[in-house]
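K.L.:
Here the protein sequences come in this chain order: S, W, U and A. Reading the first sequence from the start, the letters are residues 1 to 483 in the working numbering. Reading the second sequence from the start, the letters are residues 1 to 221 in the working numbering. Reading the third sequence from the start, the letters are residues 1 to 318 in the working numbering. Reading the fourth sequence from the start, the letters are residues 1 to 669 in the working numbering.
Any given hint could be a false lead.
Claimed, not checked - Simulated coverage check for chain W against chain S, where a stretch passes if three residues somewhere in it have a Cβ under 8 Å from a Cβ of chain S:
1. 11-25
2. 30-39
3. 212-220
Said to hold, decoys possible - When the alpha-carbon atoms are kept at most 20 Å apart in a straight line, the in silico SDA-like pairs for lysine to any residue are as follows:
4. S:Lys-91 to S:Ser-19
5. S:Lys-356 to S:Ala-447
6. S:Lys-430 to A:Asp-161
7. S:Lys-98 to S:Asp-301
8. U:Lys-56 to A:Glu-462
9. U:Lys-52 to A:Ser-328
10. A:Lys-476 to A:Glu-462
11. U:Lys-56 to A:Gly-560
12. A:Lys-374 to A:Phe-594
13. W:Lys-219 to S:Lys-407
14. S:Lys-98 to W:Gln-206
15. S:Lys-370 to A:Pro-596
16. S:Lys-300 to A:Ala-639
17. S:Lys-300 to S:Glu-363
18. U:Lys-287 to U:Thr-299
19. A:Lys-617 to A:Phe-594
20. S:Lys-300 to S:Lys-407
21. S:Lys-356 to S:Asp-301
22. A:Lys-510 to A:Ser-328
23. W:Lys-219 to S:Lys-91
24. W:Lys-55 to W:Pro-178
25. S:Lys-300 to A:Ala-333
26. S:Lys-407 to A:Gly-190
27. S:Lys-407 to A:Gly-193
28. S:Lys-407 to S:Gly-325
29. U:Lys-52 to U:Ser-220
30. W:Lys-219 to A:Ile-637
31. S:Lys-407 to S:Lys-356
32. S:Lys-430 to A:Pro-383
33. S:Lys-430 to A:Gly-635
These are calculated hints, taken from the structure and not from any lab test. Glycine is no exception: its CB is placed at the ideal position from the N, C-alpha and C atoms.
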Amino acid sequence: MDFFILTLAIPLCAGILLSFAGERAWAPHINVLASTATFLSAAGLTAEIVAAGPRFAFGELFFIDSMNVFFVALTAFVGMTTAIFSDPYMKNDRSHGKLTPGRLRLYKSMFQLFMCTMLVALTTNNLGILWVAMEAATLTTVLLVSLYRTPASLEAAWKYFILCGVGIAQALFGTILLYFAAERVLGETGTALLWTHLVDVKGSLDPTIMSLAFIFLLVGYGTKVGLAPMHNWLPDAHAEGPTPVSAVLSGLLLNVALYAILRCKVLADGALPGGFAGDLMMGFGLFTLLAAAFFLSRQKDIKRMFAYSSIEHMGIITFAFGMGGAVANFAGLLHMTMHSLVKSAIFFAVGHAAQKCGTQNMEDIRGLLKINPLIGWGLMLGTLAILGMPPFGVFASEFMILTHAMKFHPWATPLLLLGLGVAFAAIFAKVQPMVFGESEAKRLPHAPAITPVFVHLGLALMMGLWIPPYLTRWFHEAARMLG
Amino acid sequence: MTSMPLYAQLINLCAAVILLLAFAMLAQRRVVQLVDLFALQGFMLFLATLVMAFKTGQHHLFYSAGLTLVLKVILLPWILHRLVRQLHIKGEVEPLINIPTTMLIGLVLVVIAFNVAMPISQLSSTIARGTLGIALAVVMLAFLMMITRRKAITQVVGFLAMENGLFLAATSATYGMPMVVELGIALDVLVGMIILGVFFFQIRDQFDSLDIHHMEQLKER
Amino acid sequence: MISLTGFLGQIFAVALALALAPLLTGWINQCRAWLQNRSAPPLLQPYYMLHKLFHKDVVLAHGASSLFRFAPFIVFGCMVLACAIIPSLSSDLPFAPAADALALVGVFGLARIFIALAAMDVGTSFGTLGGRREMLIGFLAEPALLMVIFTMAMIAQSTSVATIVETLAHRELVIYPSIAFAGIAFTMVSFAENARVPVDNPATHLELTMIHEAMILEYSGRHLALIEWAASLKLYAYSCLGLALFFPWGIAERDNFLALVAALPLLLVKLAIGGALVALLETINAKMRIFRAPEFLGTAFLLAVLGLLVHLLLETQA
Amino acid sequence: MPSLLAIDLLLIAACLWATIGLAGLAAPRNTFFVARVLFPLGALAGLLVGATGFVALGGAAQTAELLIGLPDLPFHLRLDNLAAVFVILLGIVSAGISIYAAGYFRVGEGTAPGVLGLEYHLFLASMLMVLLADDAYAFMVSWEVMALSSFFLVTTNHRHDEIRRAGYIYLLVAHVGAIAILLSFGVMTGGAGDYTFAGMRAQDLSPFWGSVAFLLALFGFGAKAGLLPVHVWLPEAHPAAPSPVSALMSGVMLKTAIYGLLRVSLDLVGTTLWWWGVVALAAGLLTALFGVFYATVQSDMKRLLAYSSIENIGLLAVGIGLTLIFHSYRMEALAALALTAVLFHCLAHAGFKSLLFLCTGSVLHATKQRSLGKLGGLIGPMPWVAWLALAGVIAGAGLPPLSGFVSEWLLLQAFLFSPGLPHSWLNMIVPVAAAAVALTAAMAGFALVKFYGIIFLGQMREPNLKDAHDACPLEKLGLVWLAGLTLLLGVLPGTMIMKLDAATRQLLGKGLADRVAEQGWWLLAPISPERASYAPVLFLITIAATLLFGRWIVRTLYHGRVRHSPAWDCGYHFQGPRAQDTAEGFSQPIRRIFGPMFRMQRHFPSIRDRAPIYTVKVEDHFWYWLYLPIARLAGGISALIARVQGGRIAVYLMYSFVTLILLLLVARP
């Protein structure tokens, strides 16, 4: 059995199936089951790649190496836990009358299709397909953002669609330019968009074109990553969509978009000596971090706040990859992983909390520890983890990023720390009174799924104290590939 | 100039018309006419691609041209017209910035685009190398249109015009993208359009209007 | 090594202190009465009073705790210890290593804390008022005293009182300007610490001004006797300290029995002159408002610091 | 089988603590199990830690490397003499506190006891790991776990707004401090990227970068210790926490910051500039004076003690400053004297301040009151607590013969040598600084007399105080343990100072042991007996002998009769408990004399008031001068930035557009 085909096919088939039968009683189980199967096959794929090295699939159309297989595993894992989490969450929304069966069907099928597009984006070898998959990821989620059909959610979805659509159009222009540059080297063999070929000739790509191409790609995919000042869609979409969607948007989509930038950066670095691409990314990263940090303190909506926190972390990661080098790339990858795990865990907890209290307004959410200690502790620990408190893994990666910055870009360190400090003060000031204090919220009809929260946090905790050696090897290899 | 082969002149002509149409769209207030202009732009793109295909004899350029014709000249304008009819979109579209100013800004953008594309064009080995600057200008003008218009539907037209610019760039600079990519892009555009259609109805249901100034509620206070 | 003479001298010094302290108080009272044109009480009046008080029953207020009953003994013990450390007749005191000048300040501090706590124990308005005022005076006076001691210690290169005295008494006669400053500061501090005019008036029970008397209002019988005796001892200790620091001549050295014999009359003379001076100063000064006391002690502190600076500036350059 | 090293034992103890904590989760609501079973076990582990530290002190440094940590930087651990001193402190003091806590925690609102136990024991374990850490990552992880666990402990009663606020400020300041520490470590690696402490030692920093590292460390550790101006969390967090936690934080956690500062300034940086010492000295003096002034005017017993902790931290910083000054001029013997004073004061303060905090805990349990204005006369119903607290008060006031005096005495001795400094300004200014130290010590006496007198003495200010009960046996045990520690350190300082010699010798190459050993166990003469000496045993014996002998004499010659009667009321019959001095009244002279130091809001009653009320609220100037402006600045910036997100999609599109065009025009490889 080919794990790779399974990994792509399961979510695709499940998505199609659910688009017809998504309102049935057994549909949620299919959703969870399919996600679990995807994860298992992704795990199988990972084991295969670790054992046998990189491989192609469908000719040279797909290419799995140690970098993207890791993201595949992560994506499938978070997809699985999100599916588990969303089961009771969506049922509760249904009980509250916020959703109709039809929309539930839409949600489930789109969720699976979204997973599929992301996995395609991660595994494809063709930068054009990568673009297509990224656009498809937007398309599958845009209706999810407006799932509640409230004015606010429609507005958010509209902004999401337009801004990301325009952004990704820039990326297409960049891709065309890249193709143009590559064609001059590789000839009109149709291989000029294949990354494996591109990377071999990256040194001989024309620098002028590559610099323009990278600018378009960075601005384009950067819009999806949420780099300031193109981030404006992100808080709206996160805040107004259903929480599972926020979780996968934050935990996965941003990662995949960043992954696209990384692939392009490798090529740009080859063509452009002097770290042009890296400098741009560092600039965007720092600016994003600082802007997001100062946005944070004015938030009232809990999901919106954590959306800004995602922007902040994307800034940090972009900065890390911008610095380049083995340590920073390693740290960037680790931070991406940690952010995915922790931020989705936070959204799980936030989702339950907001459901319990019937509001996303932070001033009305109080006393989570009293309502449900597990949700309270989950949110508290998750927040502390995302704020970079040891012993969680976010600290490990931030530690590496900071120390690396201190060594090579000392001027950036105070700015980084300023951003982190402001973010800490802002977020913690909001979260603490929500977790602590008194409350009289009622029980929910469907018991929340807390396990994913703690599984994610447990993993983050483990990574803060001990990164398994094979994971380290893997990270190192990926970091080496990034240059 | 006279030394330029006929094909190239034809393609350049098409490109120039596309740019002209982009300006016309920028200046056009009526939605129906806007859609027509968009269809015309698509048609010019089709022509350009066709000329290119005949010159180079590459098969996928023919497919690409066909795709353009079906999608951009027929299907999308048809959907847009249907939407305009069904949603009873009124004619006048008052832009955020008045038309003359917009045109001036557009002029500046064209200069910028040409300048940016200059070094690339000089590298291009294809016959249509001058068109890359035009393509970039079209993309930017479409962008500008999206910024300056109030109605959701004009934003969408702007978005689609941007895709036209991208297609022009792809054709002119590289003889088109690989087929699988082109298909993928076309599929995305189509699905996007359908979703947009769904969306328009949702928006109309909620706001009783497609004016996007209703959708300025989500902001930092 | 503890020599026999040293040990005897130590015992004698303590005994002398216990015996002489009330006499010094009586002498000052007598001088003061003369200076104020009053008929003086007998010189031995303090002894009579102690005797009488020891005879009387202790009247304990309701609510007085065991701390209240302990405190007089501890205060008395502290003062005895202080007298044992300060050289009055001889600088050969086997007990001196137990506490140097800094520890001496600590001893006074310990006594002060206990008497202040005891004052608060019964829970009358006067007691706490006295306690807080005593602590106020204390914490203002203590730094000044320490600075004086610092100056002397830096001159003598030692904080041991005995060593300081030995150094100062047996050096060539050099005029240290710093000592003058320190001397004035020390005098001011001693007045404050011993509840004398202008900071406090030991002879008054005027509610608004009293400090020391306010604290001991609830004491009676043997407790009061011990406290009064301790107060006398404190005055004696301060006098001896002042004499030892600023007029050390005549204090016997180690193993010099003859000097010891000569030291006693000399001490009596010095104490008599000192007591008379105290009485004189008390007479020519008026009692200050309590909130002038910080200024008074601040001046003392300033003078002490000035003394220290003068020492550092002028006397250490060589 | 290889023999078990001290560091292994300590690791085992840390694991033990963690296990004990986790065990509490098995029955989180079972108070009996958690309090009466787990906490005593924790105390035993503490004893183990203390004893191990004692054995290790003076031996060779031991190192270990754990499997956990970053891939390139596994946890490096090292137990050297400096760490051992603090390990002893942690072990012995925490043993007392744990035993006390075993009796203290009972069913109540707030965090479940099991969770509390987990936080508490993680707190202990993380402090131990801080002391053992030998690389930046291990240190930072332990440091922040320490901050986190103590944060959760502080917010045990999180239903109260002010406690949440206290927790927030605490964690925020801790985090900012941690950032500074991390930066300091980064500077100390000197760009070599070796984040082990060994790597930092090997670096030869230029004076500029060395100074940067030192100042960052001073700020970072100062934030944890409570140095001005990052002290604000301390008076908020200490009263908020349950008393054993306050005791642990004040007694032990603040010392880890001192440990860190010593580690960085004397061990890791390598060079020492004279002005570092001056900076530390000045910061310390300001902190000490500030702390003690504010301590005197507090009306909340735990706040009073918290400010007193600030004062003591200030004194420690003064000592460190003096050490650094001497060290920079290679006057190592004197530096060793000052450092010994610092280390000794760490131990002494840990003992007496924990003791006092625990006493407030008992009072709090017995009366449900923290406000001094509603206490009084508790020596009657709670004699144990009262008498043991007295030991803490005497030590805290820096009076002989208890522990606080010894360190103060050593510090002043060190000051007496400062005229010998070969620097024309320092040798004049520094001795004068001793005056400020003296003032601080004297004021501390004032503050603690207020503390003790108002709580335990006088008449009961509220009727319900009659029902107060004394501490339970386990609590008493903990209190006696700490009081015993205070007494022992005070009476036999020589023994401990000889042990401390190993630490000073490691850092400075000199120690006091030879001199101290010459004099015998009863006499403390760190330089020479002629120069200065102090024999607390003799001291204690004299006072005790006078007390007993005097009592015996008086009773033999006269009598021991006692009569009881009401207190003298000056002829005014309404001398109730309300006529006593209040806490505010007690500190009125201070407020009056040092008025400008405080930010006061007072309300005076007028003669016509039906119900006259006098209130006074003393606030910290730093809030208004430093923190609120910073908060306002941040708020202003974010308000400005928020305008960017105006909700209009056209504007958003324009941002992308402008960004793109700018990049196209400007960015060139």
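K.L.:
If a hint holds in the structure, say so; if it does not, say that too.
P.N.:
Status of the hints after comparison with the structure:
With a threshold of 8 Å between beta carbons, the proposed coverage of the stretch 11-25 of chain W by chain S is violated, since 0 of its residues qualify and at least three are required. Coverage of a stretch by a chain is defined here by at least three residues with a beta carbon nearer than 8 Å to that chain's beta carbons; for the stretch 30-39 of chain W and chain S the count is 0, and the condition is violated. Counting residues of the stretch 212-220 of chain W whose CB lies closer than 8 Å to any CB of chain S gives 7, so the stated coverage by that chain holds, three being the minimum. Pair hint Lys-91 (chain S) plus Ser-19 (chain S) holds up; C-alpha atoms about 18 Å apart against a cutoff of 20 Å.
At most 20 Å may separate the alpha-carbon atoms for a hinted pair to count; Lys-356 (chain S) and Ala-447 (chain S) meet this at roughly 11 Å. Distance check on the hinted pair: Lys-430 (chain S) and Asp-161 (chain A) sit about 13 Å apart at the alpha-carbon level, within 20 Å; holds. A hinted pair counts as satisfied when its Cα atoms are at most 20 Å apart, and Lys-98 (chain S) with Asp-301 (chain S) qualifies at roughly 19 Å. The straight-line distance between the Cα atoms of Lys-56 (chain U) and Glu-462 (chain A) is roughly 35 Å, outside the 20 Å bound, and the hint therefore fails.
Only pairs whose Cα atoms come within 20 Å are accepted, and Lys-52 (chain U) paired with Ser-328 (chain A) is rejected, the gap being roughly 63 Å. For the hint linking Lys-476 (chain A) to Glu-462 (chain A), the alpha-carbon distance of about 25 Å lies beyond 20 Å, and the restraint is violated. For the hint linking Lys-56 (chain U) to Gly-560 (chain A), the alpha-carbon distance of about 10 Å falls within 20 Å, and the restraint holds. Taking the CA atoms of Lys-374 (chain A) and Phe-594 (chain A), the gap is about 26 Å. The hint is violated against a cut of 20 Å.
A C-alpha spacing of about 39 Å is found between Lys-219 (chain W) and Lys-407 (chain S), which places the hinted pair above 20 Å, so the restraint is violated. Taking the CA atoms of Lys-98 (chain S) and Gln-206 (chain W), the gap is about 16 Å. The hint holds against a cut of 20 Å. Annotation: proposed proximity of Lys-370 (chain S) to Pro-596 (chain A) is violated, straight-line Cα distance about 45 Å (limit 20 Å). For the proposed pair Lys-300 (chain S) and Ala-639 (chain A), the alpha carbon gap of about 14 Å is at most 20 Å, so the pair holds.
Taking the CA atoms of Lys-300 (chain S) and Glu-363 (chain S), the gap is about 7 Å. The hint holds against a cut of 20 Å. Distance check on the hinted pair: Lys-287 (chain U) and Thr-299 (chain U) sit about 16 Å apart at the alpha-carbon level, within 20 Å; holds. Straight-line distance between C-alpha atoms of Lys-617 (chain A) and Phe-594 (chain A) comes to about 15 Å, which keeps the hinted pair within the 20 Å bound. For the proposed pair Lys-300 (chain S) and Lys-407 (chain S), the alpha carbon gap of about 38 Å is over 20 Å, so the pair is violated.
Straight-line distance between C-alpha atoms of Lys-356 (chain S) and Asp-301 (chain S) comes to about 15 Å, which keeps the hinted pair within the 20 Å bound. Between the alpha carbons of Lys-510 (chain A) and Ser-328 (chain A) the distance comes to roughly 14 Å, so the proposed pair stays at or under 20 Å and holds. In summary, the hint linking Lys-219 (chain W) to Lys-91 (chain S) is not supported, as the alpha carbons are separated by about 30 Å, beyond the 20 Å threshold. Restraint check for Lys-55 (chain W) and Pro-178 (chain W): the C-alpha separation of about 18 Å stays at or below 20 Å, so the hint holds.
Of the pairs offered as hints, the one joining Lys-300 (chain S) and Ala-333 (chain A) is violated, with about 60 Å between alpha carbons and a cut-off of 20 Å exceeded. Between Lys-407 (chain S) and Gly-190 (chain A), the direct Cα distance comes to roughly 8 Å. Compliance with the 20 Å bound is thereby established for this hinted pair. With a CA separation close to 7 Å, the supplied pair Lys-407 (chain S) and Gly-193 (chain A) stays within the 20 Å bound. Straight-line distance between C-alpha atoms of Lys-407 (chain S) and Gly-325 (chain S) comes to about 12 Å, which keeps the hinted pair within the 20 Å bound.
Among the hinted pairs, Lys-52 (chain U) with Ser-220 (chain U) is consistent with the structure: their alpha-carbon atoms are about 11 Å apart, no more than 20 Å. In summary, the hint linking Lys-219 (chain W) to Ile-637 (chain A) is supported, as the alpha carbons are separated by about 17 Å, within the 20 Å threshold. Of the supplied pair hints, the one linking Lys-407 (chain S) and Lys-356 (chain S) is violated, its CA atoms being roughly 47 Å apart against a limit of 20 Å. This hinted pair does not check out: Lys-430 (chain S) and Pro-383 (chain A) have alpha carbons roughly 45 Å apart, beyond 20 Å.
Between Lys-430 (chain S) and Gly-635 (chain A), the direct Cα distance comes to roughly 14 Å. Compliance with the 20 Å bound is thereby established for this hinted pair.
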